[in-house]
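Please put together the full structure from these sequences, using the hints given.
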Amino acid sequence: MLVDFELIKRAQNRDSAAFNEIVLAYRKRILGTITRLIARSEDVEDVAQEVFLRLYFSLDQLRTPEVFEPWLYRLTVNAAFDYLRKQRRRQEFRMSDLSEQQVLMADAMAGGKVEHEEQLRKKMRESVDSLLGAVSEADRILLLLKEVEGLSLKELEKIYKVNENALKVRLFRARQRVLKAFGAAGKKEGPG
Amino acid sequence: MSMRGNDDEKLDAVFRAYRYACPDPDASVNFMPALWARIEARQTFLFSFRRMANAFVTAAVALSIALGVYLSIPRSTPGIGSETYIEALADANPLDTPEIVGQVPLDLNGR
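Which chain is which? The protein sequence lines are A and B, in order.
Position 131, counted from 1, in the first sequence is what our numbering calls 131; the numbers after and before it change by one each time, with no gaps.
Position 37, counted from 1, in the second sequence is what our numbering calls 37; the numbers after and before it change by one each time, with no gaps.
Watch out, some of these pointers could steer you wrong.
Sample of chain A residues with no beta-carbon within 12 angstroms of chain B, all distances over it, derived [stated by the list, open to error]:
#	residue
1	E6
2	R10
3	Q49
4	E66
5	D139
6	V162
Mimicking DSS-like on lysine-lysine, the simulated pairs with C-alpha atoms at most 30 angstroms apart in a straight line are [as the list claims (entries may be wrong)]:
#	chain 1	residue 1	chain 2	residue 2
7	B	K10	A	K122
8	A	K9	B	K10
9	A	K187	A	K86
10	B	K10	A	K28
11	A	K180	B	K10
12	A	K180	A	K123
13	A	K168	A	K86
14	A	K168	A	K146
15	B	K10	A	K123
16	A	K146	B	K10
17	B	K10	A	K154
I should point out that these hints are in silico values taken from the structure, not numbers from a laboratory.
Glycine included, every Cβ here is placed at the ideal spot set by N, Cα and C.
This is how it looks when you write it as structure tokens:
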């Protein structure tokens with residue numbers, strides 16, 4: 001835990017300074033998780049603010065401060081999931097509005113602005129995104145929490161409130177699907 | 001012996017690389033002010049929503065009480081309350097009403 005129980009209790013009693021301290025303690029971690037879950041750096045802060053906003057208004061529902069972290073993760077996962085759903089809808093609309101050439105031009109202009117390092121990251125994100133496209137949005141998030149965020153099954157159990165065996169089965173199936181996509185991508189690229 | 005294949009290990013490496021390629025970013029200086037602005041905006045919205053809901057509930061309760069009082073007041077018009085259905089019917093259609101019980105004209109010559 002990055003904060004003590006006393007601080008959480010103070011924040012539950014609408015102590016703004018205590019809430020500020022909690023945000024400052026978890027901000028970087030939550031921003032990182034969201035960055036990897038939504039893969040769009042320009043919207044990361046917006047989603048993180050939504051997480052802390054939800055935290056502020058639901059903190060009084062937290063019965064035991066011991067489950068604070070899984071609870072905060074659940075809020076993060078839900079906010080990321082909501083964002084991805086909205087984003088998909090918006091993207092479909094936006095892409096249908098533009099001609100193919102306009103989309104290519106917009107991509108080229110965006111590419112010209114970003115730095116080399118950012119481009120590499122973008123490429124990495126895109127390849128992982130395309131691999132994770134083999135599974136549903138929910139499984140994608142679950143897989144990222146396990147494989148990239150490094151959360152244990154026990155932690156995931158607390159976040160999702162689902163028993164460990166069900167999680168194992170779901171993770172195994174999701175991973176198998178991604179592996180299949182990974183194998184197919186490897187074959188497409190060829191031995192060279 | 002490990003059950004994991006070559007692709008499994010490669011996939012783990014991809015996930016590790018992804019984690020490395022997307023480090024935890026620092027928040028902008030505007031993060032906290034923007035967060036508090038959103039919290040205050042939501043609070044204002046919730047406050048006005050609650051006030052509207054309270055006003056609506058109060059109005060509904062007042063209307064119910066008024067309706068209850070109105071219905072519970074005994075009717076003061078004489079006769080109406082004590083009259084039976086038959087009496088009311090008789091009053092409305094007296095026996096000497098010509099169109100109901102009057103003599104039916106019978107003209108046998110005029111065919």
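(request) Provide an ascending list of the numbers of those earlier hints which the structure does not satisfy. (result) Hints 3, 8 and 9 contradicted; others consistent.
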